[in-house]
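Visitor: Chain residues, written in single-letter form:
2 protein chains.
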Amino acid sequence: MPNFTSKQLRAVSKNLLKAAGASEEEAELVTDHLVKANLVGVDSHGVQQLLSYTKAVKNGVIKPGAKLEIVRESPSTILINGNWGFGQVVCYKAVHLAINKAKTAGSAVVCVYNCNHIGRLGHYTQIVAENDMIGFICVNGDPIVAPFGGRKAVLSTNPLSYGIPSGGTDPIVLDIATGVVAEGKVRAALYKGQQIPPGWIIDSQGKPSTNPADLYEPPLPPAQTKLAGAVLPTGGHKGYGLGLVIAILTGALTGTECDPDITSGLTNAIYINVVKIDQFVPLDEFKNKVSKLTRTVKESPKAPGFTEILVPGEAEIIAQKNRSQNGIPIPDLTWKALVTVCKEYGLDADKLVAGQ
Amino acid sequence: MPNFTSKQLRAVSKNLLKAAGASEEEAELVTDHLVKANLVGVDSHGVQQLLSYTKAVKNGVIKPGAKLEIVRESPSTILINGNWGFGQVVCYKAVHLAINKAKTAGSAVVCVYNCNHIGRLGHYTQIVAENDMIGFICVNGDPIVAPFGGRKAVLSTNPLSYGIPSGGTDPIVLDIATGVVAEGKVRAALYKGQQIPPGWIIDSQGKPSTNPADLYEPPLPPAQTKLAGAVLPTGGHKGYGLGLVIAILTGALTGTECDPDITSGLTNAIYINVVKIDQFVPLDEFKNKVSKLTRTVKESPKAPGFTEILVPGEAEIIAQKNRSQNGIPIPDLTWKALVTVCKEYGLDADKLVAGQ
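So the protein sequences, as listed, match chains H and W. Heads up, the first sequence is in numbering that gives the first Met the number 0, so the first residue is 0 and it goes up one at a time. Heads up, the second sequence is in numbering that gives the first Met the number 0, so the first residue is 0 and it goes up one at a time.
In short, the hints are calculated from the structure, not lab data. Please note that a few of the clues may not be correct.
Which copy is meant is left open, because identical chains are indistinguishable; a pair holds if it fits in one copy or across any two.
As the list claims (entries may be wrong) - Straight-line Cα separation of at most 20 Å, EDC-like style, residue types lysine to aspartate or glutamate; simulated pairs:
| hint | residue 1 | residue 2 |
| --- | --- | --- |
| 1 | Lys102 | Glu72 |
| 2 | Lys297 | Asp141 |
| 3 | Lys291 | Asp141 |
| 4 | Lys206 | Glu307 |
| 5 | Lys297 | Asp202 |
| 6 | Lys17 | Asp31 |
| 7 | Lys54 | Glu27 |
| 8 | Lys301 | Glu216 |
| 9 | Lys301 | Asp202 |
| 10 | Lys206 | Glu298 |
| 11 | Lys301 | Asp213 |
| 12 | Lys320 | Glu24 |
| 13 | Lys225 | Asp347 |
Sequences and hints are given; from them, build the entire structure.
Guide: Dropping the structure here:
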């Protein structure tokens, strides 16, 4: 498996995106996002996405140069039409509009529609936290999760993220899905010929299964990824309920769709909430209390088999330290595919990696 | 087990609260809350709470007549000191302040401290939904849940609720805890001499247990309810992470405490978020999309063993229909205790039930 520095992956990503039609700013923002995802260990939202994004630009799904449009605005809310720009660019700008809104109003809710795949949610809530505010974000997506008591995938994994400043150097960044597992992890097990843990999926009859093939209709992936079974919601009725709420906050509230019969490929609709902390308590006092809480939690007695209790976002910080030192491994197949796509755009990936 | 109409329970609750020192308005609001909780099947937050509330008034923990105090305010935020009034009264008023704030600002975040036990969260988010807005509320409480990887109860069940208007007659009301189960349910199993399902608790060594006694330090409840083990977080790191965030939103953001070493009896600190829907999309369009989604979900194929898929809040509506027709059963022990407390205040519970 080839191993790269983040600088090397940035060179590939930025040049490829620009060759595909992205502006300098777009290529920079999307690259920031993808390489950071790899760096913190979330490879599913890393540079492998360049394969689908370049295709999406070619198919007119992602529209480089699209401008954000403010459709409706009040003292503390904004509704934004993303006009199908790069998801990362649209969401980055929407988050900054939310931060600015919260600066004057105390809090803000910003919703976005006509937006492509925005990637890792924690990326954005971390930005809010670094601006000394509390950030919440959730998005919808393609149906993959069954409701509690159902056996058909009618909800997306509908993930959510919170970013909270802490007295320590790193903010708390919670980034979780309301489904037990991402479809990509089931597919990865299928490719490796491995079984999956019980509690992840049900088959087409709604029966629990540990065979990743049971999630799909034949012909199995990579031929197609049509679902026969479904991923289970986290915590039964709880994850299902929260997922349903997120489907509404992102779908119905943006005036787009939350009907699971309408699948939308790469698209995400977004709900963002930002709260200005010092409108409630002095920032230092808040941060001190947060660090005190996380310290108490971390120092509390461990369960058998655990040597450490992590706070949300800490696993990513550990991965980032490790990969900054030891490099970012990219699977052979992914790297080969990236080299091929680069060639299509007249780029030599190996030369870009070599800094040429 | 005696069986009552909601009118009968209202008579007992209202008169007892007034005798204990509540004003007409306070007695009315708390009674609304408690009897509604019984009616929708959530007996843990029903009239049995009168036993602890009357005691709390006597001990000076609940201060009848306390006035809400707005400590800090911005266009879309309010920080409120509840001055230790009845939790239900404080939260009811805070929710209405949030609704009014959202009417002018588009959205609102309202935080409350110095507040007693507010009861069932769904009660308040349903009020927001009935005002054609989206409501979110979460509260903290006493430590009972272990962090993921830990074995000591350092987090509360830190519950959350969403209320969302729907095109049908009833709003969606999600009301869930970030811990797998309420401590009260473990205690109920202990009293009945029953085992509990795996996945609810761990013992003092952090080992999974189905013996409810393992949650407590001897002497066992009702002698005391000091914990030896802990309730597990819902969905492992997910419920833990969300619970930690809620501990911060309610504790640190209100300027009070989120240190688990400080237990606080009946008290709750509150975080409320209200969003004005028609600031984003026309209300009818929103409601139609929500009903369409819930219809699709409800009509989707059922898993083995299920005949119906419920949307959040529907179980409560079913219970309410049933108990409105067939009465509200109150366990013998609870009723006897209520009769005794009534006597202490010179009231005859049986006469109140008989409408005298």
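Visitor: For every hint, state whether the structure bears it out.
Guide: Structure-based check of each hint:
{"no.": "1", "hint": "Lys102 / Glu72", "verdict": "both (15 Å within a copy, 13 Å between copies)"}
{"no.": "2", "hint": "Lys297 / Asp141", "verdict": "between (36 Å within a copy, 18 Å between copies)"}
{"no.": "3", "hint": "Lys291 / Asp141", "verdict": "between (39 Å within a copy, 17 Å between copies)"}
{"no.": "4", "hint": "Lys206 / Glu307", "verdict": "between (35 Å within a copy, 16 Å between copies)"}
{"no.": "5", "hint": "Lys297 / Asp202", "verdict": "between (38 Å within a copy, 19 Å between copies)"}
{"no.": "6", "hint": "Lys17 / Asp31", "verdict": "within (14 Å within a copy, 62 Å between copies)"}
{"no.": "7", "hint": "Lys54 / Glu27", "verdict": "within (19 Å within a copy, 62 Å between copies)"}
{"no.": "8", "hint": "Lys301 / Glu216", "verdict": "between (42 Å within a copy, 18 Å between copies)"}
{"no.": "9", "hint": "Lys301 / Asp202", "verdict": "between (36 Å within a copy, 12 Å between copies)"}
{"no.": "10", "hint": "Lys206 / Glu298", "verdict": "between (40 Å within a copy, 19 Å between copies)"}
{"no.": "11", "hint": "Lys301 / Asp213", "verdict": "between (36 Å within a copy, 17 Å between copies)"}
{"no.": "12", "hint": "Lys320 / Glu24", "verdict": "neither (27 Å within a copy, 58 Å between copies)"}
{"no.": "13", "hint": "Lys225 / Asp347", "verdict": "neither (34 Å within a copy, 66 Å between copies)"}
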